[in-house]
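Single-letter residue listing:
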Amino acid sequence: MKILTLNFLTCARKACKAEPAAFPLHPRDAELEIVEAELNTEFLRNVLPRVEWEALRVVTEELGLPSLPNVAPEPDAIFPAASTAAAATANETPANPAPTQLLQDLHHLLLETTILSGKLVCGNCGHEYAVKEGIANFLLPSHLV
Amino acid sequence: MPEYLMRLVQVHESFRKAELQALAELAGVDMEFVSYSEDSPFCIISLASPAAARALITRSILSQAIYELWGHGSSLPALHASVLATSPPHWPSCATTSFRFTLDSYRGSRSTASQTTLIESFSYLPFTGPIQMRNPTHSFRIFEDYALGEKEPRYLYLGRFIADSGRQAKTTYDLKKRSYISTTSMDAELALVTANLSLAGPGKLFYDPFMGTGGFPVAAAHFGAVTLGSDIDGRSIRGKEDGKNVLGNFKQYNLTDHYLDSFVSDLTNSPVRGCLGPSPLSAGNAPGGWLDGIICDPPYGVREGLKVLGIKEGRGEWRKEMHLDRWQDEGYIPPKRPYSFEAMLDDIMHFAAVTLVEGGRLGMWMPSANDQDIELDVPTHPFLEVVSVCVQPFNKWSRKLLTYRRLPSNSILTSTTPWIKRREDPGLVHANDLNSFRKKYFEGFREKEPEAMSSGPLAEDAAST
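Residue numbers (the working numbering), protein chains in the order written: chain V, 123 to 267; chain U, 13 to 477.
Worth double-checking, as some hints may not be accurate.
Far from chain V, by Cβ distances over 10 Å, these chain U residues were calculated [what the hints assert, rightly or not]: (1) Ala30; (2) Gln33; (3) Ala67; (4) His102; (5) Pro138; (6) Arg179; (7) Arg190; (8) Ser197; (9) Asp269; (10) Asp304; (11) Trp409; (12) Ser448.
Derived pair list, reagent style BS3-like, types lysine-lysine, alpha-carbon separation capped at 27 Å [said to hold, decoys possible]: (13) V:Lys254 <-> U:Lys319; (14) V:Lys241 <-> U:Lys332; (15) V:Lys254 <-> U:Lys252; (16) U:Lys433 <-> V:Lys136; (17) V:Lys136 <-> U:Lys348; (18) V:Lys241 <-> U:Lys256; (19) V:Lys241 <-> U:Lys433; (20) V:Lys136 <-> U:Lys332; (21) U:Lys324 <-> V:Lys136.
If you want the footprint, here are the derived chain V segments under chain U, 3+ residues with CB under 8 Å [as the list claims (entries may be wrong)]: (22) 126 to 133; (23) 245 to 258.
Hint data in this document are derived by calculation from the structure and do not stem from the laboratory.
Here a beta-carbon is modelled for each residue, glycine too, at the ideal position from N, C-alpha and C.
Here chain U stands alone, though its shape is the one from the complex:
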């Protein structure tokens, strides 16, 4: 298959390959990585045709453009040799048309004179058409990859431009220009990548059970999905007066046709049909679901409290009685209690297992401390297969985007022991005891010291208030 040069962006490196693989699946094109490195924004892939290249990149957020590869090499002479060896079949198509050459130097720069010399070194190409810097028929680009601090590039490529990516959506959906956001809104770039990895697309139905101000539903709607969302806090959906609310965001982006509904609910007591199937699950009782995708960033219990419906233990009988007396009052707000993050993750897994259609995807974010082993705490479910794990590192912690695929019911292994969700320890009441990430976060991710281990319950109580 012909080779193409993908100009990636050098951010969120661990998401880039996963995004391209998801987009290849969506576009139904065969793609193979010929060369890829997390340390480089240049990646060579093989595809069947320029049409496949266009189909692949049109929705990509983590790339800039795709080029037909005319040559590559570790030095300028090597590049020329490669161009002369591989590109002649393409020459006739550019013989008389307008064209231009530009330069893209990664981690390096050249003076204008040196740029001209470099470009003119390609003058052996038999192009007789006019040079035209604006809207030429063919646009060529020389790429240079410099090692950090080096004067000479470590690798060069020449490519003919085929198509731009969908990265301009990052600017369109920039949170700074969005009318309604909150402190925990996912940045537009990663929300769009999440929707890509979960294969959001026209004709599909997507749901976010922790929608907040609706960032994920908006991202899925951008790619053509119809979206549903819910949140335990109705205020975040209704927003403020003057139209600053979830629906207002859909209006801002002219996506209201892709907004199905928002409702107020708690994932542990969800009204969603089919979500509380028999538990523990077995393949025999796995009915088909009705959601094509679930994308969410569940509350970690740090900036956004991790709460579910119910009364916190030990709050006294009088409180229960008060709620019994008043639950039918106008404006009554049901009580909520802290919840375990592990239990919540398993609730999401179970929910996705029974509500996704076969082949449907779950895209879920979760935090972890950097000293914990990355792969160990990825939650598992017999109905769900891990597609990709992408990590966004921060200073002392990181968060991961886990993408799962709902397995076809007939391929689920029935012989494995039934899946049992991690439950809360009934003796634990405080948010910190329930949520080890929250505890670590507020302890500043300190190494565990012997004296910290022996700190009494008093110290723990103080930390959790």
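Looking at chain V on its own, in the form it has when it is part of the complex:
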């Protein structure tokens, strides 16, 4: 499970949905793997505003990955000026400038870092969801449905 996906998931229990402590899920005994992927600037520009930064920061820290700034960086700091939306709509298509280090780091963290196995723990109810072979299992036993 990629770190980006983890940012979109909470505890599956209905009772936990309204509880702030249920998000993010906390990785435990996580075995990480790096799966290389091509940098997708367009996707990151679209999806980064939807990321809950504080939750991402917490998860990154818990996994012992390089720590993130306390507040989400401004889009201008991530995406080179020449390829911002304003320039993209202009008639000339500027040559793709080299991606910033920050963009490459976020790509590496969100889309290349994968939890291969381990557990995801709800901070509210303590329920543990297993991750095996990169696939998390969110099925609940009948008494928690």
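Chain V is fixed; fit chain U onto it per the hints.
For chain U alone, coordinates are given in the frame of chain V:
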């Protein structure tokens, strides 16, 4: 605006217009239908430029190619008159370049001699360049539309080729050549059309909550979207050894960069963030979602069981206790129970309403018996606007692709009564009682007869086992 001839395919007719409209929106081009008929593979549209025509057709699955329209008419003399009237402004661009003429006869045929005569009847066109059948600069095509069984065409067109469609993807993604599929995999053609109608594209995030072997995510990834999927059955995601699994399919098509993740979950108890917003919904508490598109073919309860987490009622207390004792065991599989199809559809609608971004799309398949009214049972939601309803008919039943658009939060009508999802009747336990389509399917879609109405509970029990 100049007119263009679209050579469509004569299958899945009710999907063709919806696909072109979706592609026009995606490409940001103005398109208007000048003439269109479900009964014909030829359709005239108006577009701003050949560049717009190229942008429009490049992803199309249900067309073959687009042509600049040089003339059309209900007979050969009428066609010539039309060509002479409208095409002269284009002539200088082809005066000295290589060219070729070919013929496309729909539901008709001509002998070679008759083809030559037809093509040579255009010899008044002032082209002095060489005739070249392979890779000419300009390729002209005469189109003939015959009524079934007729000897003479009912309509003719002449067009200059502009661009091919994206239909070769149908062959690339053919299920017969895919390493990992299941009995309920959607055929490649319709999966790709589903992704088109939902505007899958580069930079977007798409999700399929009933992914199975991943046919829809693969189709969305083909068009450049990054994809997420889940299924209640983890076995379908993990697949078999030797790499026959969902990820293996992405590898086969060299799309792994567009594979975000798969996970095991049930839509009625989903871990997806924001999916269980306050219910009933009102516009005031409609936060922006994070998915650009949701495309799915939910289980109808026929070939694929329609189940959600939980224990079927009336299975005895001992079962509940057994699960309480053993749920932490290694390899424990949570129990599942049958569920109502109507309730599931409404769950999907609600899920889409709260997880889609504004303008995001939901593409959802649903079955119906042919004797039910088509429009009546299209599920509705105040946050979602119907974009298109496309029908694929079978012999006694049909299935529809419903495409919805998530409305901007400020345009949602707050005055309407709050949306309340259709819930299950707690008294219903058997799959057949919960799912009228499943019942009809296994009854062979018989007309309701008086004696069938009075059949007792015993008969119903037998049918549901």
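- Which of the listed hints are broken here? As far as the earlier hints go, 9, 10, 19 are violated by this structure, in ascending order.
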